[in-house]
Amino acid sequence: MQKLIIRNLQAPGDSVALTAAIRDLHACYPGRFLTDVRTRWTELWENNPYLTALDKSDPEVKVLDCKYPLVNFSNQRPLHFLYGFIEHLNEQLGLRITPTQFKGDIHLSADEKATPSMISQITGLEVPYWVVVAGGKYDYTIKWWHFRRWQAVVDHFQGRLLFVQLGDKQHYHPSLNGVLDLRGQTTLRDIVRLVYHADGVLCPVTFVMHLAAAVEGKPGGPKSRPCVVVAGGREPPHWEAYPTHQFIHTVGLLPCCAAGGCWRSRSVPLGDGDEKDEPKNLCVDVVENLPRCMELIRPDTVADRIDFCLVGARLPQLTASQTQALAPFLSRRMKGPECRQNRRRDQPLIFSELQT
Amino acid sequence: MNQIQTPEVSPVFEDPRSRSDFRAKYYPTANGREAPPVNASGRNQRVILEFLAAYYQLNCLYATLLQVRKKPKSRGQTRTEAEHLHAIEKVLISRDRLEDRYAPYGVIAEPVIEKGFTGDVTFSFGNVDARGVPRSEFLKVTAYVPIPLPPSTQFPDLPLKIEGLGFSTKKFT
Numbered sequence: 192m193q194k195l196i197i198r199n200l201q202a203p204g205d206s207v208a209l210t211a212a213i214r215d216l217h218a219c220y221p222g223r224f225l226t227d228v229r230t231r232w233t234e235l236w237e238n239n240p241y242l243t244a245l246d247k248s249d250p251e252v253k254v255l256d257c258k259y260p261l262v263n264f265s266n267q268r269p270l271h272f273l274y275g276f277i278e279h280l281n282e283q284l285g286l287r288i289t290p291t292q293f294k295g296d297i298h299l300s301a302d303e304k305a306t307p308s309m310i311s312q313i314t315g316l317e318v319p320y321w322v323v324v325a326g327g328k329y330d331y332t333i334k335w336w337h338f339r340r341w342q343a344v345v346d347h348f349q350g351r352l353l354f355v356q357l358g359d360k361q362h363y364h365p366s367l368n369g370v371l372d373l374r375g376q377t378t379l380r381d382i383v384r385l386v387y388h389a390d391g392v393l394c395p396v397t398f399v400m401h402l403a404a405a406v407e408g409k410p411g412g413p414k415s416r417p418c419v420v421v422a423g424g425r426e427p428p429h430w431e432a433y434p435t436h437q438f439i440h441t442v443g444l445l446p447c448c449a450a451g452g453c454w455r456s457r458s459v460p461l462g463d464g465d466e467k468d469e470p471k472n473l474c475v476d477v478v479e480n481l482p483r484c485m486e487l488i489r490p491d492t493v494a495d496r497i498d499f500c501l502v503g504a505r506l507p508q509l510t511a512s513q514t515q516a517l518a519p520f521l522s523r524r525m526k527g528p529e530c531r532q533n534r535r536r537d538q539p540l541i542f543s544e545l546q547t
Numbered sequence: 059m060n061q062i063q064t065p066e067v068s069p070v071f072e073d074p075r076s077r078s079d080f081r082a083k084y085y086p087t088a089n090g091r092e093a094p095p096v097n098a099s100g101r102n103q104r105v106i107l108e109f110l111a112a113y114y115q116l117n118c119l120y121a122t123l124l125q126v127r128k129k130p131k132s133r134g135q136t137r138t139e140a141e142h143l144h145a146i147e148k149v150l151i152s153r154d155r156l157e158d159r160y161a162p163y164g165v166i167a168e169p170v171i172e173k174g175f176t177g178d179v180t181f182s183f184g185n186v187d188a189r190g191v192p193r194s195e196f197l198k199v200t201a202y203v204p205i206p207l208p209p210s211t212q213f214p215d216l217p218l219k220i221e222g223l224g225f226s227t228k229k230f231t
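Protein chains in written order, with my numbering: chain A, 192 to 547; chain B, 59 to 231.
None of these hints come from the bench; they were simulated from the model.
Values in this document were obtained by computation on a predicted structure and should not be read as measured data.
Here a beta-carbon is modelled for each residue, glycine too, at the ideal position from N, C-alpha and C.
Accuracy of the hints is not assured; some may be wrong.
List of simulated lysine to aspartate or glutamate pairs, DMTMM-like, C-alpha gap at most 20 angstroms [stated by the list, open to error]:
| id | chain 1 | residue 1 | chain 2 | residue 2 |
| --- | --- | --- | --- | --- |
| 1 | A | LYS360 | B | GLU141 |
| 2 | A | LYS409 | A | ASP249 |
| 3 | A | LYS328 | B | GLU141 |
| 4 | A | LYS328 | B | GLU157 |
| 5 | B | LYS129 | B | GLU141 |
| 6 | A | LYS414 | A | ASP330 |
| 7 | A | LYS247 | A | ASP227 |
| 8 | A | LYS328 | B | ASP158 |
| 9 | A | LYS360 | B | GLU168 |
A few chain B positions that, by computed beta-carbon distances, are all more than 12 angstroms from chain A [as the list claims (entries may be wrong)]:
| id | residue |
| --- | --- |
| 10 | ASP73 |
| 11 | PRO74 |
| 12 | GLU92 |
| 13 | ASP154 |
| 14 | VAL203 |
| 15 | PRO208 |
Partner residues aside, some chain B positions facing chain A, computed with beta carbon under 7 angstroms [stated by the list, open to error]:
| id | residue |
| --- | --- |
| 16 | PRO162 |
| 17 | GLY164 |
| 18 | ILE166 |
| 19 | GLY184 |
| 20 | ASN185 |
| 21 | ARG189 |
| 22 | GLY190 |
| 23 | SER194 |
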């Protein structure tokens, strides 16, 4: 058997896609390879049945850098991101791997599945919930939707859905009102488990979107976990979207993404010295501080897609008593007079006084 | 420290510390530390000052509101209270505009509130990390690679862009 160490040091979403390539390598060539990986995200590989501990100093081991150069043709070739790593492996190894499933390959142990969710442990309640990611890394700020829009969606489902906000403290994740705020409090493995127990996921194009597809559904839930993705026009949908997701995009609608994703990096320059600030990497159509492709996507549209999932997949919603019991655990931010629903910050002086 | 290039800070911004009626106890700290000086010129520092001014105003208005509330209930008191609430709301709207203006630059300004007063504001910026180091520094790798140039060749003649420390337009022979 050929011994391979596959190396990729990209973002966690990329590693999720790589899990699919490793699975498909073994599915297409059973018994031909022993594989190990070197990524920055070891927690995504826990319980993975396709890994064997290999040492790169072993003369029989071949170390392969695996990326997805196919992305450079994503606007021309009708192929999904999952093909990216597979094609690179095929090129380097002279193979003909093909995808066997339309998702990544994340494995949970029996213990992890049996353990009550982090939400259950925090609240003491078994309640349905959706994961929400309302921001992202600073490298591709063009993926961000405005935090007041995320807030408007959360507000729309007040009393019906519990949203659990996730995000790395080192990245841009503004706080939302009325959510269970776990920003900066989760490991990568925690997020895997949280997604496992989640009834749905709401996010931009980001890591949890890939997890939403890659992590199996919990028993009794729908076979595919609903995921509503606010995507805009950066990535071509055939490349990025999973068939079971609600992928809200604008490709084909605007001149800047008329024939495919723009693949640009930032809405405005951040001034951090990164080349992503260069004009060639900046959005060419910014309106109200958002890329027009993201501005076009209204909170109502996103809320409709979630409702679509709730009704279509017959997903559970909160009961009145669950809503009441959850109240102490939710982030409490201010609402001003005229009941401005998008109010986000905590300001008890107004919250208590202007509600009356 | 790299600073945000755009947008410009509000041209009408006035640091409350410059005013004669300034009440220091209502002026919040920034990230647990004293605010930048009035004449700070760095973009991020100016952004901090704008937010602190907004929260200072809120604190002052809230303090006044509490005083109004201590007075006996009357029709006049109710009207005064409503006026103060309205004034607070106007400042909140200004604060929202600040948040909106700087959101695409990755600026987050989260107030730390106790008993209705903002004592501190936690800031994070898109261009620098918590230590003030440009975020792109994490991604920079430097290597020394000597490449001999053909005789009489100058850097500008090369069909590639070279920048960074050590770059020179000096003629190499």
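Each hint, compared with the structure:
no.: 1; hint: LYS360(A) / GLU141(B); result: violated, 39 angstroms
no.: 2; hint: LYS409(A) / ASP249(A); result: violated, 40 angstroms
no.: 3; hint: LYS328(A) / GLU141(B); result: violated, 42 angstroms
no.: 4; hint: LYS328(A) / GLU157(B); result: holds, 18 angstroms
no.: 5; hint: LYS129(B) / GLU141(B); result: holds, 15 angstroms
no.: 6; hint: LYS414(A) / ASP330(A); result: violated, 34 angstroms
no.: 7; hint: LYS247(A) / ASP227(A); result: holds, 10 angstroms
no.: 8; hint: LYS328(A) / ASP158(B); result: holds, 18 angstroms
no.: 9; hint: LYS360(A) / GLU168(B); result: holds, 13 angstroms
no.: 10; hint: ASP73; result: holds, 22 angstroms
no.: 11; hint: PRO74; result: holds, 18 angstroms
no.: 12; hint: GLU92; result: holds, 23 angstroms
no.: 13; hint: ASP154; result: violated, 8 angstroms
no.: 14; hint: VAL203; result: holds, 19 angstroms
no.: 15; hint: PRO208; result: holds, 28 angstroms
no.: 16; hint: PRO162; result: holds, 4 angstroms
no.: 17; hint: GLY164; result: holds, 5 angstroms
no.: 18; hint: ILE166; result: holds, 5 angstroms
no.: 19; hint: GLY184; result: holds, 4 angstroms
no.: 20; hint: ASN185; result: holds, 4 angstroms
no.: 21; hint: ARG189; result: violated, 11 angstroms
no.: 22; hint: GLY190; result: violated, 11 angstroms
no.: 23; hint: SER194; result: holds, 4 angstroms
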